[in-house]
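My request is simple: use the sequences and hints to build the entire structure.
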Amino acid sequence: MKDGVVLFESTNKTDANLFLKEIYKFLELNYLKFFKMDHLSKLGFLAAEFLLKEMPKENLEFMNIYLACSSSSLDSDIEYQKTIRDKESYFPSPSVFVYTLPNIVIGEIAIRFGIHGNNSMFIIPPYQKDEFLKTPNHFFQDTTINPQLSGYLDYLGDHYKAEFILKY
Amino acid sequence: MADRICITGMGIVSALGENKYETEDKLLKEKSGIGKLVYLNSIHKEIPVGMVKIPDQKLKSKVGVDQNTIIARTTLLGILAAREAIIQAKLLGAGYKKIGFISGTTVGGMEKSEQYYLDFLHNDKHNEYISLHDCGACTEDIAKHLGNFEFCTTISTACSSAANAIILGANMLKLGLLDAVIVGGSECITKFHLNGFNTLMILDKGPCKPFDANRGGITLGEGAAYLVMETEQNCDLRQIKPLCTLSGYGNACDAFHQTASSPDGKGAILSMQKALEMSGLEPSDIGYINAHGTGTQNNDLSEGVAISTLFEKVPPISSTKSFTGHTTSAAGAVETVISIIAMTHNFLPANLNFSEKMEELNFEPIKTTIKNYSFDHFMKNSFGFGGNNTSLIFSKYKNNN
Amino acid sequence: MENLILELKEQIIEVLNLEGMTPEDIDENAPLFGDGLGLDSIDALELIVLMEKNYGIKLDDPNKGKVIFTSIKTMAEYIQENRK
Numbered sequence: 001m002k003d004g005v006v007l008f009e010s011t012n013k014t015d016a017n018l019f020l021k022e023i024y025k026f027l028e029l030n031y032l033k034f035f036k037m038d039h040l041s042k043l044g045f046l047a048a049e050f051l052l053k054e055m056p057k058e059n060l061e062f063m064n065i066y067l068a069c070s071s072s073s074l075d076s077d078i079e080y081q082k083t084i085r086d087k088e089s090y091f092p093s094p095s096v097f098v099y100t101l102p103n104i105v106i107g108e109i110a111i112r113f114g115i116h117g118n119n120s121m122f123i124i125p126p127y128q129k130d131e132f133l134k135t136p137n138h139f140f141q142d143t144t145i146n147p148q149l150s151g152y153l154d155y156l157g158d159h160y161k162a163e164f165i166l167k168y
Numbered sequence: 001m002a003d004r005i006c007i008t009g010m011g012i013v014s015a016l017g018e019n020k021y022e023t024e025d026k027l028l029k030e031k032s033g034i035g036k037l038v039y040l041n042s043i044h045k046e047i048p049v050g051m052v053k054i055p056d057q058k059l060k061s062k063v064g065v066d067q068n069t070i071i072a073r074t075t076l077l078g079i080l081a082a083r084e085a086i087i088q089a090k091l092l093g094a095g096y097k098k099i100g101f102i103s104g105t106t107v108g109g110m111e112k113s114e115q116y117y118l119d120f121l122h123n124d125k126h127n128e129y130i131s132l133h134d135c136g137a138c139t140e141d142i143a144k145h146l147g148n149f150e151f152c153t154t155i156s157t158a159c160s161s162a163a164n165a166i167i168l169g170a171n172m173l174k175l176g177l178l179d180a181v182i183v184g185g186s187e188c189i190t191k192f193h194l195n196g197f198n199t200l201m202i203l204d205k206g207p208c209k210p211f212d213a214n215r216g217g218i219t220l221g222e223g224a225a226y227l228v229m230e231t232e233q234n235c236d237l238r239q240i241k242p243l244c245t246l247s248g249y250g251n252a253c254d255a256f257h258q259t260a261s262s263p264d265g266k267g268a269i270l271s272m273q274k275a276l277e278m279s280g281l282e283p284s285d286i287g288y289i290n291a292h293g294t295g296t297q298n299n300d301l302s303e304g305v306a307i308s309t310l311f312e313k314v315p316p317i318s319s320t321k322s323f324t325g326h327t328t329s330a331a332g333a334v335e336t337v338i339s340i341i342a343m344t345h346n347f348l349p350a351n352l353n354f355s356e357k358m359e360e361l362n363f364e365p366i367k368t369t370i371k372n373y374s375f376d377h378f379m380k381n382s383f384g385f386g387g388n389n390t391s392l393i394f395s396k397y398k399n400n401n
Numbered sequence: 001m002e003n004l005i006l007e008l009k010e011q012i013i014e015v016l017n018l019e020g021m022t023p024e025d026i027d028e029n030a031p032l033f034g035d036g037l038g039l040d041s042i043d044a045l046e047l048i049v050l051m052e053k054n055y056g057i058k059l060d061d062p063n064k065g066k067v068i069f070t071s072i073k074t075m076a077e078y079i080q081e082n083r084k
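Chains as they are written, first to last, in the numbering used here: chain A, 1 to 168; chain B, 1 to 401; chain C, 1 to 84.
In case anyone wonders, no lab produced these hints; they're calculated from the structure.
Note that beta-carbon positions come from the ideal geometry of N, C-alpha and C, so glycine has one too.
There could be a bad hint or two in this list.
[As the list claims (entries may be wrong)] A short list of chain A residues far from chain B (calculated; beta carbon distances all over 12 Å):
{"no.": "1", "residue": "Glu-22"}
{"no.": "2", "residue": "Asn-118"}
{"no.": "3", "residue": "Lys-161"}
{"no.": "4", "residue": "Glu-163"}
[To be verified] The calculated DSBU-like cross-link candidates involving lysine-lysine, where the alpha carbons are at most 35 Å apart (straight line), are:
{"no.": "5", "chain 1": "A", "residue 1": "Lys-161", "chain 2": "B", "residue 2": "Lys-125"}
{"no.": "6", "chain 1": "C", "residue 1": "Lys-73", "chain 2": "A", "residue 2": "Lys-21"}
{"no.": "7", "chain 1": "B", "residue 1": "Lys-367", "chain 2": "B", "residue 2": "Lys-205"}
{"no.": "8", "chain 1": "A", "residue 1": "Lys-134", "chain 2": "B", "residue 2": "Lys-174"}
{"no.": "9", "chain 1": "B", "residue 1": "Lys-125", "chain 2": "C", "residue 2": "Lys-64"}
{"no.": "10", "chain 1": "A", "residue 1": "Lys-25", "chain 2": "A", "residue 2": "Lys-2"}
{"no.": "11", "chain 1": "C", "residue 1": "Lys-64", "chain 2": "B", "residue 2": "Lys-367"}
Given below as structure tokens:
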């Protein structure tokens, strides 16, 4: 959904991973790094893509990104833990470990759009989502007039949500 | 004139000791806290780490909780450090209505989840520890043991978390949203991230050698540190003398790679520039840089290049990760407190284990502690995975009246 | 050797999440890093894990990997010589 309008709806109601892939195709993206990302990063990346793809590059360079989530990187933590929990089959995965930090999604968005502004990731309980999204830009002290991408996202197992706002 | 952000209290727990005094003592004597892995049941016993040399049992006694209390190590370290800061700032008697608590952490209560994971699967004996796992829960738990807060939140931006907590706290003070704020971070060592960094092959087999040509990577550490910050106006009102001021800060995205820093250090240059701009200082005013200096091939080169680009004459610089190890989410605060101790007591902390200059850089770090050295401003760099670059500038408190 | 090369291609596609690629798309002599498949440093580390997991070959020095992982062919040759 963007600005209250449904842009894409999947017939697949169960597989989150497949849903994210469908959105990728819907957006006609050609960005193979997408497939190396974890679920949280894919979710945030796609949400940002909807909002930022039409923006001129100059506007993006010093955009600020402030995101919040509730489950942190738990979805990836669980994946990583699988690679180290068996003493007999102990093969920690470096590519999964990279995503056991919730702020990597910001890094992925920044890399994609060449963004060098302020950025931070907050861990908040779900009930604080609306309050977070309503927080004015100057709370984060942007002394210059730069656009800001605020968002709440969360991904754990079959439950996922992303709500992003672009503020000028 | 804008109200200055003042630091009125600080607390620190790390491999160097459980408070500021032990920390200062070790810094002056060049005694590193890096050593063997203790208290953690890991197969990687040979990897050196900067552990806080206090077992959980003793930590519980020190913070005054019952031995049967279900509590994470990250929380215990956090309470110990925050309390030291609160006591120094005489915060309890300040009569403030709105105090905030902003803490940086990534592991939260994970070390308990690791310990009891199999129990969770097979029995219900340790289920109480499950709810501690969450980062947010950890922050709330620390806060609960400290007092009532108007505002409490967790920042999780990897190794720059605590530094970003300091920035948010300062912003909220400037907006008049809080009377005072306690900011910093806490992180304990876990098998999870020890294994993780090991699989990225960025752990040094020996103690880290920041900015050395033969550096082999990171030495992990654990610890917690917090600052009490309030406006100068509030300090005047309750007649408390600030330790120093936070005169500038900056944050930027490097936008290069998920874990590696750009070769030209773009994000680092931006964060340092923003901090200088806010402080109104010139690069030549900075008397000391406490670098992020992890000891990896990548960071030290990228950060070194960024510093060389921005500073025509690079000031004295060291990475005190050679003393404490890399305390990850707490690093920004641990190393800030170390630097404030150094500025207040007029010495420059050494960059231990350094012997050979990096050929790509035109500077060397401080090799041994330099005593009786006064400086008025220092810069603290804190760079996290995800390309999150933060720089803070602190200055000696000089009364403008 | 042919089997090993095909096997490696399939494993790499899976482990490195090379979406939409098939073994036929990968030239065994083409550089894996840089211009070739455009793999990065994290991918290199995953290849090190793959070698240990699937072929029992432990590589402690990531710099050695630079030579071994030049192409699928060099990787296969190394595995052939050193597999347990």
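Which numbered hints turn out to be false for this structure?
-> 2, 9
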